[in-house]
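In the order they appear, the protein sequences are chains A and B.
Just so we're aligned, residue 1 is where the first sequence starts under my numbering, counting upward by one.
Just so we're aligned, residue 1 is where the second sequence starts under my numbering, counting upward by one.
Bear in mind the hints are in silico, worked out from the structure with no lab data behind them.
Among the clues, some could well be false.
[Unchecked claim] Selected chain A positions facing chain B (in silico; Cβ < 10 Å):
1) V45
2) S264
3) I298
4) H349
5) E353
[Unchecked claim] Beta-carbon label-pair distances, calculated as ranges:
6) A:E315 - B:D24: 29 to 39 Å
7) B:L70 - A:R242: 36 to 46 Å
8) A:L164 - B:Q35: 27 to 37 Å
9) B:T28 - A:R319: 27 to 37 Å
10) A:I49 - B:T28: 42 to 52 Å
11) B:T28 - A:E270: 20 to 30 Å
Note that the Cβ used here is the ideal one computed from N, Cα and C, for glycine as well.
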Amino acid sequence: MKLAAEVGIAKLSKHQEELCGDATCVVKTPGETTVVLSDGLGSGVKANILATLTTHIASGLLRRKVSIEHVMSTIADTLPICKTREIAYSTLAILQLRSDGQARLFEYDNPEAILFRDDKPFELQRQERVVNGQLVKQATFQTQNGDVILLVSDGVMHAGVGGLYDLGLGKEGLLEYFTQPCSSGEYCEQLADRVINLTDACYLSRPGDDCTAVVVKIRPPQQVTVLTGPALDPKDDSKMVRALLAEPGSFVAVCGGTTAQIVSRTTGRELETSTDYVDPRVPPIGKIDGIDLTTEGILTLNLCYQLLRAAAEGEELPRRADGATLLAKQLWNAEEVRFLVGRAQNAAHANLEQLVHLAPRTFVVDRIAKVLSKRNIDVEVTYY
Amino acid sequence: MQSVEVEICAGTACHLMGAQGLLDVTNTLKQTHGQRLQVKLTHCLGACAHGPNARINGTLYSRLTEEKLLALVNELLADNRGAR
Chain A
1 MKLAAEVGIA KLSKHQEELC GDATCVVKTP GETTVVLSDG LGSGVKANIL ATLTTHIASG
61 LLRRKVSIEH VMSTIADTLP ICKTREIAYS TLAILQLRSD GQARLFEYDN PEAILFRDDK
121 PFELQRQERV VNGQLVKQAT FQTQNGDVIL LVSDGVMHAG VGGLYDLGLG KEGLLEYFTQ
181 PCSSGEYCEQ LADRVINLTD ACYLSRPGDD CTAVVVKIRP PQQVTVLTGP ALDPKDDSKM
241 VRALLAEPGS FVAVCGGTTA QIVSRTTGRE LETSTDYVDP RVPPIGKIDG IDLTTEGILT
301 LNLCYQLLRA AAEGEELPRR ADGATLLAKQ LWNAEEVRFL VGRAQNAAHA NLEQLVHLAP
361 RTFVVDRIAK VLSKRNIDVE VTYY
Chain B
1 MQSVEVEICA GTACHLMGAQ GLLDVTNTLK QTHGQRLQVK LTHCLGACAH GPNARINGTL
61 YSRLTEEKLL ALVNELLADN RGAR
């Protein structure tokens, strides 16, 4: 069985610091997902620069298919050592997951990652080795569908030190509260939020260190199918819907008011529209039985593209539940995406698109496809 | 009981022309009229060039403003034309 990794990240900056001194990076290459977490020494700008530098070196090398051992040794060799504390200026954890389930974990001065299997912590056999004079812990293991792996920076483990706890939250404290990670049905980012909210509470909302939680969930590869726009020839509308329903994949999105009406009409299922304006930039989502996400078309796709582009530049996707964000999250975490694009244009939209600088449907789908392809997601676009 | 049903178009063009404002003002009337006024968003009503649009008791009204919509709904609530 092929497996894929879904990653959720949550961060908390030290009290009165704007920048987080921890940095993360997720690199997807064909058949592999690699997660990098680095914690820069201290806090604020200096720590942020050090951690960012470390993750950028690691991700840059990994993208060029440099072996993980070589990446670790390059970073261990490159990292400066603090003269006062005699420790490296940043820590590093690299988790590499292959589509056959094989996982490799490298930890350099980072709290030990925790593997959860059936909601229980699963002991990982670690080997210690010295790379360029630095002690690196290494584990190789086989993952299973439903496994959850939690990586944290030391700010999480030390949460509440000297206050709520004598020695901080620690692994035991974390395990006491971080229950049912595999079976709760929460998204990775919700699980990561759970860890960070706990950490924040332990620090009484005045974090004494930067804190990061990275949650990796092992699941089957996700195929997302997006149907958008009416066909150029109205006779092909039902052909599009049939193509959608014949191979729906694991998540189906319908983007466009008219498109949703076509699906509703063809399937005989009712279309309802929510009245909840989560983000005023896009109309509320709709609902059709059997369709996972129903949204408006052109505004939603344009905002979705902006969110994906920002995510590709390292920004996190928002925690909102508007149509564009929900779609972006699914696309960003997918392994395969199939767009079924109708090319009919609504004449009344043409002027509006120019007025508010919106890319027409085929353009914006093309742009989204390019962002996703760069992330090594397989994208197929079919026009009608 | 006489009631008025307002369906505000949530299509792309109507959204850009102020559908959310129409929904907000109509919802303020709900506090006074309760169940007599039903407000919902609906899919494209097919009059994109003349938006924002709303269907009130089955009749399509185009180029609406918040004031126009309030006046229409208030008028229907006030007399028997709102009866269904």
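Structure-based check of all given hints:
Because the beta carbon of V45 (chain A) sits about 40 Å from the nearest beta carbon in chain B, more than 10 Å, this interface hint is broken. Below 10 Å, beta-carbon pairs count as interface contacts, and S264 (chain A) has one with chain B at about 8 Å; its hint therefore holds. For I298 (chain A), the interface hint holds, the least distance from its beta-carbon to any beta-carbon of chain B being 5 Å, beneath 10 Å. Satisfaction of the interface hint for H349 (chain A) is found here, the shortest Cβ-Cβ separation to chain B being roughly 6 Å, below the 10 Å cut-off.
Hint status for E353 (chain A): holds, given a least beta-carbon distance of 9 Å to chain B, under 10 Å. One distance hint, 29 to 39 Å for the beta-carbon pair E315 (chain A) and D24 (chain B), holds here, with the actual separation near 30 Å. Range check, L70 (chain B) to R242 (chain A): Cβ separation about 44 Å, and the 36 to 46 Å hint holds. Separated by about 50 Å at the C-beta atoms, L164 (chain A) and Q35 (chain B) break the suggested range of 27 to 37 Å.
Hint check: T28 (chain B) to R319 (chain A), Cβ distance near 29 Å, so the stated range 27 to 37 Å holds. Checking the proposed 42 to 52 Å range against I49 (chain A) and T28 (chain B) shows it holds: the Cβ atoms sit about 51 Å from each other. For the pair T28 (chain B) and E270 (chain A), the beta carbons lie near 28 Å from each other, so the given range of 20 to 30 Å is met.
Violated hints, in rising order: 1, 8; the structure is consistent with all others.
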